[in-house]
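**Q** Top to bottom, those sequences are chains A and B. Numbered continuously in the numbering used here, the first sequence closes out at residue 116. Numbered continuously in the numbering used here, the second sequence closes out at residue 110.
These aren't lab readings, by the way, just hints derived from the structure by calculation. If a hint is listed, it holds; no wrong ones were tucked in.
Derived pair list, reagent style PhoX-like, types lysine-lysine, alpha-carbon separation capped at 25 Å:
id, chain 1, residue 1, chain 2, residue 2
1, B, 57, B, 22
2, A, 41, B, 9
3, B, 65, B, 22
4, B, 9, B, 57
5, A, 20, A, 64
6, A, 55, A, 66
7, B, 57, B, 15
8, B, 97, A, 41
9, B, 65, B, 97
10, A, 55, A, 20
11, A, 20, A, 66
12, B, 97, A, 66
13, B, 97, A, 20
14, B, 9, B, 73
15, A, 41, B, 22
16, B, 73, B, 22
17, B, 73, B, 57
18, B, 73, B, 15
19, A, 14, A, 64
20, A, 66, A, 41
21, B, 97, B, 22
22, A, 55, B, 97
23, A, 64, B, 97
24, A, 41, B, 73
Residues of chain B clear of chain A, computed beta-carbon distances all greater than 12 Å:
id, residue
25, 16
26, 27
27, 62
28, 65
29, 81
30, 109
A virtual CB, placed ideally from N, CA and C, is assigned to each residue, including glycine.
For reference, the chains in residue letters:
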Amino acid sequence: GAVVSQHPSWVICKSGTSVKIECRSLDFQATTMFWYRQFPKQSLMLMATSNEGSKATYEQGVEKDKFLINHASLTLSTLTVTSAHPEDSSFYICSAPGNELNYGYTFGSGTRLTVV
Amino acid sequence: AQRVTQPEKLLSVFKGAPVELKCNYSYSGSPELFWYVQYSRQRLQLLLRHISRESIKGFTADLNKGETSFHLKKPFAQEEDSAMYYCALRGGFGNEKLTFGTGTRLTIIP
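Sequences are here, hints too, so could you generate the full structure?
**A** Have a look at this one:
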């Protein structure tokens with residue numbers, strides 16, 4: 001089945017630094033990758049949609065310059081949290097549509113970001 | 001706009017009792033509905049989708065367009081069903097964005 005590998009699983013960084021999160025589709029090509037953010041005990045909120053070879057589409061209220069998304073190949077999408085602040089601490093999850101029509105989405109295991 | 005509502009944040013059910021997790025949606029077209037489950041310390045995974053009309057782990061869900069609902073049901077709860085459940089909606093063809101409900105944490109009491 002379709003597998004998305006997400007790294008790192010967790011990261012602690014200092015305020016002002018940048019953190020890159022990677023999501024790789026292991027056995028299929030992901031032309032689209034969705035990036036979600038999940039606060040404790042809350043639902044997944046879609047941040048942006050990345051498309052291979054084109055600019056990402058950001059949801060309303062999400063800062064493009066803060067959350068840089070790159071989808072340079074059919075198997076890799078990255079999210080970079082730039083100049084991170086404590087309020088950026090959250091759980092970030094990527095997801096890609098499966099490789100069959102009407103197949104469910106496959107999710108990465110998530111990245112716990114803590115900014116200190 | 002797409003919206004998914006799960007009115008219950010927490011639900012506790014005794015083992016062997018029936019389970020129903022509620023989900024209502026709002027969408028102007030013909031949506032696709034999904035249920036995702038997240039077990040402790042595991043990633044989100046697909047439980048079932050309305051289009052396949054299947055039963056997974058004893059769970060079923062019927063799309064009721066009149067009531068705009070997609071409730072998840074299981075006749076006899078098992079301890080291993082304890083998890084976080086999310087209802088999700090995808091718009092029609094060409095709209096791949098998934099919108100999630102707030103989730104319901106199901107706890108099965110032994």
